[in-house]
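Position chain A relative to chain U; hints supplied.
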Amino acid sequence: MSEPSIFPPYPHRHLLGIQNLSPVDLNLLLDRADAAVALSRQPEKKTSTLRGRTQINLFYEASTRTQSSFELAGKRLGADVMNMSVASSSVKKGETLIDTAMTLNAMRPDILIIRHAMAGAAALLAQKVGCSVVNAGDGAHEHPTQALLDALTIRRAKGDLSRLTIAICGDVLHSRVARSNILLLNTLGARVRVIAPSTLLPTGIHEMSVEVFNRMEEGLRGVDVVMMLRLQRERMAGAFVPSVREYFHLFGLDTRKLALAKEGALVMHPGPMNRGVEIASEIADGPQSVIQEQVEMGVAVRMAVMEALLDPRKSGGRA
Amino acid sequence: MTTTIFTDARIVDPSRGLDEVGTVVVGNGIIQAAGASARNQGIPEGAQVVEARGKTVMPGLVDARVFIGEPGAEHRETIASAGLAAAAGGVTSLIMMPDTDPVIDDVALVEFVLRAARDHAAVNIHPSAAMTRGLLGAEMTEFGLLQEAGAVAFTDGRRSVTDNAVLRRAMTYARDFGAVIALETNDPALGGGVMNEGLYASWLGLPGVPREAEIIPLERDLRLARLTRAKYHAAKISTAVSADVVARAKNDGASVTAGTAIHSLALNEHDVGEYRTFFRLAPPLRAEEDRLSMVEALKDGSIDIIVSSHDPQDVDTKRLPFADAAVGAVGLETLLAVALRLHHNGEVPLLRLVDTLSTAPARIFGLQAGSLAPGAPADLILVDLDHPWVVTEADLVSRSKNTCFEGARLQGKVLQTMVGGRTVFEI
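Chains U and A, in that order, give the protein sequences.
Numbering-wise (full-length UniProt numbering), the first sequence opens with residue 1 and increments by one.
Numbering-wise (full-length UniProt numbering), the second sequence opens with residue 1 and increments by one.
It is worth saying that the hints were derived from the structure and are not from the lab.
Model, not experiment: these values are computed from the prediction.
For each residue, glycine too, the CB sits at the ideal point set by N, CA and C.
Be aware that a few hints might be false.
[What the hints assert, rightly or not] A few chain A residues that face chain U, going by a derived Cβ cut-off under 10 Å, partial list only:
(1) V107
(2) R133
(3) G144
(4) E148
(5) A165
(6) Y173
(7) V391
Same shape as in the complex, but just chain U (with noise of 0.2 Å):
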């Protein structure tokens, strides 16, 4: 992929959300993720794109699946690519976001990948870095990369995304993932359904061009795609919901509710599942479920992201 790039530049700097992404900048992306599929399926899996460029995975969230495919990712492009975990960092002395935006910024690496707990916290650092900053999750706000993975794992499966119905279930007031699904789904076109109890939708949510339902059973007919969030335990025991029990029995995707969705219908989940609370295991395991294949197509996304960001064509990674 060193040879002059056969798709066409991508006009955005960073990706802080879906937000603002027209669909002709999404299918960009998608399609270059596609190749990175078919580069990261050969034997020898290395490229030279992003050779020489350093790449910094800024995060204040613990995650093992995110930062392993941003960096596998980077890897994969021939880039350098240090991890700052927040643990072991001067964060944990007090330092601010910005102060270590700063030091990092000094260091003139080309790309930044930030997972935060606060809204937001992507935009900011944008705004004080030099480089290319990717937001690989800020609070409940976005999860842009998680969005893009998705919707290349159901094009992949189920083609035209403009032809599908999609139900996002669960959690969708505390989901950054439920927000980016929910722009970007609707930018390519579908046809979007969340499904929660209403104490996990947030305000406005009947405003965000989507249907509303409060049952899997009826929210879940007819579905070309389920979605399905996961439940952090802290908001289970009454305090959003009432248990584990109620919340598998009304909203966990078992045999019965998945049996109203289309036939043949994906089944879909961020991770990590909590098995028993959002879906029963032998779905998770099951014929219907992209789980392990959404995984694939998050490094694929990643590194096509980084190449679009970083294209040499454009003015260079530091300004």
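The following block gives chain A in isolation, referenced to the frame of chain U:
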């Protein structure tokens, strides 16, 4: 099952707006016909005929707020003894509060109550479930599973919720199930006194409960009901302002209803007399103006239902200095006769009164009751509206005797109570 026919009865059925003399035909456990035209149906062979001239047939009362000691305090009242007291009082369906030991906050306990009621109770007993676990006001209970098991409402019983976020989420969650949240409103800090705040309490040297202790949490609840669009029932209001704010919420289109305890319609703070602990109630007996405004609110519809708030307490917990005594009074057996005072003195028309005691509570809590329409379950009472009697402790069926009406002269007595076409009480 044999057919029973009540002839020449005054039939009062608010579910159809009907108040006329006619015939009531009961067969197969349901109402076959009830009204003036039912006279023409003839009398089937083997039917039992009750000559009811001068008597009134009305749907059995539906008492939406009853405390029972089972499980945990069976010496005060059991499900069986409450059933007998209810039958004697003409109450054919009651909603049981979750303030038991253990608290009814789990499916297994709802099932226990329904099983005990089915096997031992003379009348229909519907459990309400705790809104928060252990009535502690922190974690909501499993509304979905509890409702499937048979809980007809969610309430924290005698307790008021203080955490607004907990209440908001509970209401939001309840809305998905169409479940009713029924709450008493008393700010525990502001309302920490033992009788109505005012001159009388001051002379008695007792700490008072200001009206605001009820109004402030009530207004909070109503705001949250508007926000969440939940079904909310203000369980026991006692002040004029409370009735006003409920009426305003209704006008705004909120799904709210309100009830008042029979005490708030019949008694006032002066009944406390010289520290009579049977009159220590929640909400406390208010001033006479409050009582009058409750009657007015009942007439104009701001208040939807009357409850007995039957709360059996044993003698030991009542034979204490006023401020140390247990709160509450029994009321199942006197509910109808005390309410009929409002009819006899011309304050509330009979049809409206029966609505608030039977049809409206059944509608609010989704019970198959409160109607004499053909096809309805034959839960009905035969009443002599004018029969005079004096309440005596000894005559009370309830296991506890803490009545506010000992020695009271009442007018109107239940002669026969039928539940599902079966006679469960008869004089």
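Inset, instruction - Double-check G144/A for me: the hint is only fine if its C-beta lies closer than 10 Å to a C-beta in chain U. - result: Since the shortest Cβ distance to chain U is 5 Å, the answer is holds.
Legend entry - Per-residue hint verdict: R133/A, partner chain U, C-beta under 10 Å: Constraint on R133/A satisfied, holds at 6 Å.
Legend entry - Status of the hint placing E148/A at chain U (closest C-beta pair under 10 Å): holds, 9 Å
Legend entry - Hint check, V107/A versus chain U [nearest Cβ-Cβ separation less than 10 Å]: With Cβ-Cβ at 9 Å, under 10 Å, it holds.
Legend entry - Y173/A as chain U interface residue, shortest Cβ-Cβ below 10 Å: At 5 Å from the nearest chain U Cβ, Y173/A passes the 10 Å test, so the hint holds.
Legend entry - Closest C-beta approach of A165/A to chain U relative to 10 Å, hint status: holds, 9 Å
Inset, instruction - Would you check whether V391/A satisfies its interface hint, that is, whether its CB is within less than 10 Å of any CB in chain U? - result: At 43 Å from the nearest chain U Cβ, V391/A fails the 10 Å test, so the hint is violated.
Of the numbered hints stated above, the single one contradicted by the structure is hint 7.
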